[in-house]
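Number of protein chains: 4
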Amino acid sequence: MNTFGNIFRLTSFGESHGKAIGGVIDGFPAGIAIDMDFIQNELARRRPGQSAITTARKEADAVEFLSGIYEGVSTGCPIGFVVWNTNQHSNDYDNMKEVFRPSHSDYTYTQKYGIRDHRGGGRSSARETIARVVGGALAKLALRQLGIRITAFTSQVGPFKLDKDYTAYDLERIEDNPVRCPDQELAKEMADYIFKIKGEGNTIGGVVSCVVKGCPIGLGEPVFGKLHAALGQAMLSINAVKGFEYGRGFGDMEMKGSEQNDIFYNDNGHIRLRTNRSGGIQGGISNGEDIYFRVAFKPVATVLMEQPTVDINGNETILKARGRHDPCVLPRAVPIVEAMTAMTLLDFYLLNKTTHL
Amino acid sequence: MNTFGNIFRLTSFGESHGKAIGGVIDGFPAGIAIDMDFIQNELARRRPGQSAITTARKEADAVEFLSGIYEGVSTGCPIGFVVWNTNQHSNDYDNMKEVFRPSHSDYTYTQKYGIRDHRGGGRSSARETIARVVGGALAKLALRQLGIRITAFTSQVGPFKLDKDYTAYDLERIEDNPVRCPDQELAKEMADYIFKIKGEGNTIGGVVSCVVKGCPIGLGEPVFGKLHAALGQAMLSINAVKGFEYGRGFGDMEMKGSEQNDIFYNDNGHIRLRTNRSGGIQGGISNGEDIYFRVAFKPVATVLMEQPTVDINGNETILKARGRHDPCVLPRAVPIVEAMTAMTLLDFYLLNKTTHL
Amino acid sequence: MNTFGNIFRLTSFGESHGKAIGGVIDGFPAGIAIDMDFIQNELARRRPGQSAITTARKEADAVEFLSGIYEGVSTGCPIGFVVWNTNQHSNDYDNMKEVFRPSHSDYTYTQKYGIRDHRGGGRSSARETIARVVGGALAKLALRQLGIRITAFTSQVGPFKLDKDYTAYDLERIEDNPVRCPDQELAKEMADYIFKIKGEGNTIGGVVSCVVKGCPIGLGEPVFGKLHAALGQAMLSINAVKGFEYGRGFGDMEMKGSEQNDIFYNDNGHIRLRTNRSGGIQGGISNGEDIYFRVAFKPVATVLMEQPTVDINGNETILKARGRHDPCVLPRAVPIVEAMTAMTLLDFYLLNKTTHL
Amino acid sequence: MNTFGNIFRLTSFGESHGKAIGGVIDGFPAGIAIDMDFIQNELARRRPGQSAITTARKEADAVEFLSGIYEGVSTGCPIGFVVWNTNQHSNDYDNMKEVFRPSHSDYTYTQKYGIRDHRGGGRSSARETIARVVGGALAKLALRQLGIRITAFTSQVGPFKLDKDYTAYDLERIEDNPVRCPDQELAKEMADYIFKIKGEGNTIGGVVSCVVKGCPIGLGEPVFGKLHAALGQAMLSINAVKGFEYGRGFGDMEMKGSEQNDIFYNDNGHIRLRTNRSGGIQGGISNGEDIYFRVAFKPVATVLMEQPTVDINGNETILKARGRHDPCVLPRAVPIVEAMTAMTLLDFYLLNKTTHL
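Protein chains in written order, with full-length UniProt numbering: chain L, 1 to 357; chain B, 1 to 357; chain Z, 1 to 357; chain D, 1 to 357.
If you are wondering where the hints come from, they were derived from the structure by calculation, not from laboratory data. Accuracy of the hints is not assured; some may be wrong.
Any copy, or any two copies together, can satisfy a pair, since identical chains are not distinguished.
Here are the simulated DSS-like cross-link-like pairs (lysine-lysine), alpha carbons at most 27 Å apart as the crow flies [said to hold, decoys possible]:
1) Lys58 x Lys256
2) Lys320 x Lys256
3) Lys164 x Lys188
4) Lys198 x Lys58
5) Lys213 x Lys97
6) Lys353 x Lys161
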């Protein structure tokens, strides 16, 4: 259950304050040139300390590949990798060893496993997503050859949200601001808001949207492997995610069938759709239109305020978190959403090759 | 990819207008008494023709078990079953053989497989969910012994929605109206609305909510097998589902961390939570509180109106659907949501048994 | 665990004296013409009562496909099928309900599951292999298009064994005798021996050999998915199999490395091997030479003689088996070995398609 | 396909001359004390250079755990580990970069992947088994708590073989000689023979036998997950293995059913078997008796003699291997056979916990 995917498979390991985060990528196609700068840049997008609105932790997060790449090219053998943990302040967590932090996994891990590494959230730390970003970066290198492009962005932070459809924005410019929002004005408001929330020692959630362009027709495996079901699982496996919708999602309920349906037409010899309310997926299979979906992130559970809680013996106590934490995960979640999307699409692309003899 | 689950596994087969829908349930625990009446009743809840607001098709949907049960008790061997298709009007679909119905899977199946059984949607028909309801009914029989109770209900139809939290309603009474809504007054409005929509030859979507009570602590397998990620995939694999959220879901974005966190306290020696905004799952693992989530269904794609479309050669044409269709899938989706939930929970219950030696 | 394969997957169900044996084949490529006569003929090769040296049971073993085939062609959707049990004499087993038959699975099933269908061996009956033969027949239809040909044959029955390498025999003639041995003279001796053993109420084991011609280079997935490891598992999953060896197998121990190695040479521009001691597989991957392996079957456990045993309460008793049983499974095992080989090769052929983008 | 197991899962990575061999163990039970000395000792048993009859390479093979263990106890989270490659003489292989070594995987890897790391066999090197020994050592720590004991030993080297059943030997004494043979006299003959073969620059194969004591009744998952089928796959996935048999294996063919059957009796209230020809497994499920099986290893393909072969362009050439190689893998294969057995048994032990609710 620490493995993601069917053909392309990422198995990840590592705790926040252990020696390293790492993983094994199996099923990666042979013969793909591995662009190390690209991979490291993807990690930089996820890295803490990248701007004033993220946690102040500084981690190099340099990936070290141990196998599966020979002379800069993937060999088809499993790709092992590690990212060493170098900037852990485990002492920050000493006062939490026997205390259950509210809305964290401390209580459930302790109950399930009977033991837990309390330092920095242990296995349930968002630091685990490093392995996903490495896997996603490799997947992107393969998808790039297929012309599949994935762009995620922050579409809502607390009360601030994009008021138009993604087609209204220049998705090439999400890296122009630290929030990763394509509306540069709104991005500034979001950043100010996050900065203010941070000052309060509080946190805030939001929505990451994601758009896939250039996806070929035919990805998705009915009935339980519908493409959007796989994407949904992928997104819901990211820390702090509470919801997923694709196409018009929960908004579909306001429309009647006659209004919601996407109409086919003949576009100079090509079958196309006049609208894309389906979000690029019909019957669980990609139809060649843009795939788009939204992912809801709750506010970070660690607030720098006093909160009542209990310890492992059930005694009520007051917790005051220390440590360096994100007031809002959205900006750093963007590359993680992209990574999970990339791995899902590459996996389904490879699976689809087995549809015919 | 027609298999659902890890330990408890349902593999389903069958097309809408083929000989039968069926499946194999593997990994079902040995020694469970099989209550046939209960299973058949679950199928009756899913069956078409059960009320004036569903399709007029009449199908007995009687399940025939072929293996794995001996003298009324599960043997631990795979349980094969079939539900024969007896009331198919395949001719209703003759005019669709070479036409792509809007917002159906006709186009994507044809592109992916190069061949498709066009009758009644073939494999992509919601009739496939019969196998899920059988699997879910068996899972419920096992979960019942564990004290785990699952209740889904219609919480929204088009513009009509429940305005209170599920705790405000009597969930024992969802079967008291054909919409399966716990608010009897609202149910009547919903039914009237569906009836009106049906008269227009149109369709409408909505939301099914689901509540799990009595779930033990510890179900869920970090990091990719988080319980809510598995539930999300399960729900998104149901036909017409466009979104999934658990706990406060997309609503979490409006709250700050200090407001959203659930606070632990000592309830006469038991560790409990003062609120349940987390929806019964923390860190991907059940925490013993009620699990609740919401599932968005789009309006049924088949409307009894003329719609422009194209045929398999790309020629534009006008489609006028015939056949007997649901104006709103919500009432019949309720038992399907419950079934997928039951199978997911039983699977994770069994998985959790392997956490310790 | 009732599922075989990775991409091509057979999930089987059914007990000897239940309603039916059946299964679901998932991942079968779309667009393959389904030759029903061929499939039924494969079942006829496995069927009891086909000659004087097999059990006297007469079973039609007619397969009924329920899905996944439309107008004679596979659709890429799961193929459900059943073979009804029609000639069961369950009363033959009444005296065994509470008795553990020696060297059968009665004791272990009872211990593991706490319940068992005692009639005819229940799930552990060799009748379960019907589902494998159906799956194998479908796989053969696909492999035929790829030019891959599988031939198994009886190479040993008790003390009677082929004394030459498979290349010395005409493998086209294995169906010319009821033992399915390519040496027609030896076949007669084997048949006489089996007939004599049958007259004693006793049973005898032997070896089935299998040769695959036309297998493309590249099938096999290191390190745990080596082609011969998958074939070994497939064979060892057949009832009564006690051993598997490929290439020279256990015979390799007598040779030194310098004698055992296969030497490459240039055969008019093609790289070939002067010998094939490796059995067509090197490093777990097919090398384009003939694949060959041997499978050891123990004597059938059911002998028509008095045997001491115990009942479910531990009381010692004398068992005298009734019923209609094979004195030697080898002739009927030949198509089963072929079926498992076919499914394994098709699965690995499909897997291999994902090696490159 | 670089993952082994169902619940307990080892995913391995690494090439002989890459940075490291390593892996991730997922599904290891929580709460097991990790005895580092024991694990390191298991690696020492596999290590090259341990005696005069193994390769002269000296590798420390020190394992470094990166996750999943906290304060000396397993946490239930994935256990990542690496063993750094420190003593590689990659130059030894320079002359093999473009040459296919006979009976190695060079040719098939190149054909399948289009690229290969030629140094030391790359991924197909037996050095990969380091990851298996680490996984096996952890599994043994868990099995020890269950009273399950696994002992493998060399039972044949070339023409020298044990002439009695395993019960005739003291299995506690296999470590008393470098061949790991329980017959100390024969061990000396074997060692002399290997030393002589080594002097010739040649190699020799043999058989490793394995005995499991204390295995509880009920491990094994019919029909495709029979315990011996899983053990067979596990053994056949080890480099150089050509055959597997359990119980009397290929020897069963000489006996009639009445002679081969194991008879049950009542041993002071316990159901026992008078003989154990079945090898501890009936119907694919362990029956509580000793499990025993035999594994055939071919001679090492690398001989220090001139051999004709071809290069990647098909040109015929003469290869003279350099490097440090084993004349006989048997002594070092013993701990690998034990490791694969341990992982298989732990996996099936955990799976068996899901048989009942």
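ask   = What label fits Lys213 with Lys97 when the C-alpha limit is 27 Å: within, between, both, or neither?
value = neither (46 Å within a copy, 30 Å between copies)
Is it within, between, both, or neither for Lys353 and Lys161, if the alpha carbons may be no more than 27 Å apart? neither (39 Å within a copy, 44 Å between copies)
Reference check for the pair Lys198 and Lys58, CA-CA at most 27 Å: within, between, both, or neither?
Cα proximity of Lys198 and Lys58: one copy only (17 Å, versus 55 Å across).
* Given a CA cutoff of 27 Å, do Lys58 and Lys256 count as a within-copy pair, a between-copy pair, both, or neither? -> The answer is between: 25 Å across copies meets 27 Å, while 51 Å in one copy does not.
- Message: With identical chains, the pair Lys164 and Lys188 could be close in the same copy or across copies; at 27 Å between alpha carbons, which is it: within, between, both, or neither?
- Response: This pair counts as within: shortest intra-copy Cα distance 17 Å, inter-copy 36 Å.
Give the relationship of Lys320 and Lys256 under a CA distance limit of 27 Å: within one copy only, between copies only, both, or neither. Classified as between: cross-chain Cα gap 17 Å, same-chain 50 Å, threshold 27 Å.
Of the numbered hints stated above, those contradicted by the structure are hints 5, 6, listed in ascending order.
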